[in-house]
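J.: The task is simple: from the sequences and hints, build the whole structure.
Position one of the sequence shown corresponds to residue 1086 (the numbering used here), numbered consecutively onward.
Not one of these hints is a red herring.
Across the chosen pairs, the derived CB separations fall in these ranges:
#, residue 1, residue 2, range
1, Glu1255, Val1197, 23 to 29 Å
2, Arg1271, Ala1190, 31 to 37 Å
3, Gly1251, Thr1156, 39 to 45 Å
4, Asp1267, Ser1147, 19 to 25 Å
5, Ile1276, Gly1152, 25 to 31 Å
Hints were generated in silico from the structure; no laboratory data involved.
Glycine included, each C-beta is placed from N, C-alpha and C at the ideal position.
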Amino acid sequence: MIDSTAGPEREGPADRGQLRQHVDRLLGAGRVEEAATALRRLVTRYPDDGAAHLALGTVLASHGRAGLAVTHLNRAVQLVPHDAAAALACGKARLSAGDPIGAAAMFRRAAVLSPALADGHFQLGVATHKHGRHDLALAAQALACQLQPAHAGAQFCRARALFLLGRDNEADAAFARSVALDAGLRREWSILRRTLRPVDVSRIARPR
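T.: Structure follows, in structure tokens:
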């Protein structure tokens, strides 16, 4: 339990550790708002604590406060620049905040820092798809599938990218793999095929 009588002058390691333990207990008990309050206290008292900014940003993002989460996660990336988890979390928050290009930059950073992290490549594929770069999305999802073949989301997103690039046979094969992993994706594929038919450029009249 944190000593509520402790003043700001008590800034020793035990004080910081005590705050972190308190946050862990609150999160474990599902008391998220109280945990967020404790984390705010932690980052106010220790503004150079990258792990605290990461934790606070993650909590805020998971409860729909992506804009504020981005502020703390950007700070976390600055403080712990070699932490792939911080870059990944920041990318997810940026994506939720409607910034797919900024998100893609963070996911690329995560993928460079941890090339074997399938979720980094998967999220990069999601972000590049959102700003219309289906070729880049395909490359990222192919890497995610290679690293984690049982990742149903990556298999499905790879199928979607292939479909949007007009490579139907390959898309169907990739879709079959995703459905084998998660049968619930069958309906998503049906909707996608009805609504996202790629343009056949060969049928577009060329200027004379």
